[in-house]
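Undergrad: I would like the entire structure built from these sequences, with the hints used as guidance.
Quick mapping for you: the protein sequence lines, in order, are chains R and U.
For the first sequence, the positions run 0 to 324 when numbering that gives the first Met the number 0 is used.
For the second sequence, the positions run 0 to 324 when numbering that gives the first Met the number 0 is used.
Heads up, some of the hints might be wrong.
In this list, chains with the same sequence are indistinguishable; a pair is considered to hold if it fits within one copy or across any two.
As the list claims (entries may be wrong) - Taking lysine to any residue pairs in the SDA-like style, the calculated list, with each CA pair at most 25 Å apart, reads: (1) Lys204 with Leu219; (2) Lys206 with Asp45; (3) Lys228 with Ser202; (4) Lys147 with Pro84.
Hint data in this document are derived by calculation from the structure and do not stem from the laboratory.
Here is what each chain is made of, one letter per residue.
There are 2 protein chains.
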Amino acid sequence: MRALFALLLCVASAVSAQTLPSWNDGAAKRGIVEFVAAVTTKGGKDYVPPAQRIAVFDNDGTLWAEQPMYFQLLFAVDRVKAMAPQHPEWKEKEPYASLLRGDLKSATAGGEHALLELVAASHAGITTDEFEKLVRDWFASARHPRFKQPYRRMTYAPMVELLRYLRANGFKTYIVSGGGVEFMRVFAAQAYGIPPEQVIGTSGKQKFELRDGRPVLVKLPAVDFVDDKEGKPVNIQRTIGRRPLAAFGNSDGDLQMLQWTCAGAGARLCLFVHHDDAAREWAYDRQSSIGRFDKGLDEAQAKGWIVVSMKSDWKKIFSFEGAKP
Amino acid sequence: MRALFALLLCVASAVSAQTLPSWNDGAAKRGIVEFVAAVTTKGGKDYVPPAQRIAVFDNDGTLWAEQPMYFQLLFAVDRVKAMAPQHPEWKEKEPYASLLRGDLKSATAGGEHALLELVAASHAGITTDEFEKLVRDWFASARHPRFKQPYRRMTYAPMVELLRYLRANGFKTYIVSGGGVEFMRVFAAQAYGIPPEQVIGTSGKQKFELRDGRPVLVKLPAVDFVDDKEGKPVNIQRTIGRRPLAAFGNSDGDLQMLQWTCAGAGARLCLFVHHDDAAREWAYDRQSSIGRFDKGLDEAQAKGWIVVSMKSDWKKIFSFEGAKP
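TA: Spelled out as structure tokens, the structure:
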């Protein structure tokens, strides 16, 4: 009997080493594994049938990096530069003028409104098919300014493992992000294994048109829905129509999504990724303009949600670490 | 060799009898089966991997009946009657006054705008959880005025078979309807085997609120998005992010969805259900205020899309036919 017990311990420990291998053993990993065991164990009090196992992930700062600024904004900057010859008026008009002078700080000083204007203008006036091609081409050539990597490699290896681990346990994994839904769909399948129909995000208005009898969808320079803060649970309800079992974020923009998720009955998992590793990534939280993590940090501590230390919970952050660029 | 050929013919004919048993053999059924064979045959020129096999279905008039008026409107009428004691002003205000007098014709004479107002008012001011319960209770007790059946039994048996047949062939089946998304989700899983996250529809605005620290989503009396006509391809793009392979409708409100679907490359299937059976269901098309089928009928004939005659293509319409009520 004692031998059997020892054997079971060995098996458990071997399973643990294989599960989420980029995660150090500790409270964060243990919390995830225990939650998954609770909702997948048949006959257990917290068992949930596979069809109801919905997990939602913020993208910027949760699945991939978001510094020195949101990657989609860097795409918008490149688009504005490419479009500038057709828009001579931009030389005198903010935020374009600052941006074209290379002064990103002033260009984005107008806050969320200026960012949305920039994104709307640089993403509009083309069909959805044309936009997809532009984004695809940009991903193929653009490189991150600090790490000199293609952006699709700026994903967090432990989080990609976590997505896979949840799917292996019957979860349907969704992105629910402030980023543009059509921008994210171009890389989500390859980077995360998440199909287009499981990507939820900020959307622009579109118009259906027949051009020479051929239907197209044209992107208009107007915001349809901002998928951030209170908007996240609203968009989850509109698009998924079920309350998630698990929610993952990194900033105050994700707080309402986590509140909505963990207010459901039975076992729930709410987790914030905390950027505390300036050496391997970046360190920022309560004072940051990008990815501010202040109210969320307080509430996570008060409610006992998991706060992942990138520094101590993750063996590696990016898959390219240690490899040559 | 000749014997083998004869055997293969027998097998093919047996398969045909088992496939879509409520459909008569004819051009409509043949068109469906040939399309499915084309996109699922590996190595064939029209082969499509399962992940990309998206089929979209209108609901009212396509998957279930829509006469004498949209069933959701009958729910709204019952709601308005139940709410009337709290709204004395409705006695003087249209469309409520007509409706409360039992004059549905006048109440709905204001067209789409009046209907949306009625639906918005009768569906709002409560949380999403409360709304779901109201709809569930209504479905349990309400009966269709002509057939005296619960509304969940007003679905078309041949279409429910078609949904199942497509899913058995690797398709992901979606509802894309002018009906309210939260209304349809209450019955779509049971009636059609379609989970909430595959139901797309007209949506109302919602507000995230904390009530005594508990998050709720409150339904507001304002329309967010009308999922009809040009809105259908726009909402498909926003929610699914892929162009469907197959689209099914019954009215001009579905025309743009079919145009968008069948303008894609490779094999596509576009199909309209034509209401031409006044005995077993209803007969209406070009002149009808509900489910008008005029431009769509012209375009289907011009483009060679399938037009299903409910009278001659379907062995039965409702599953309860011949059964006692």
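Undergrad: Out of the numbered hints, which ones does the structure contradict?
TA: As far as the earlier hints go, 2 and 4 are violated by this structure, in ascending order.
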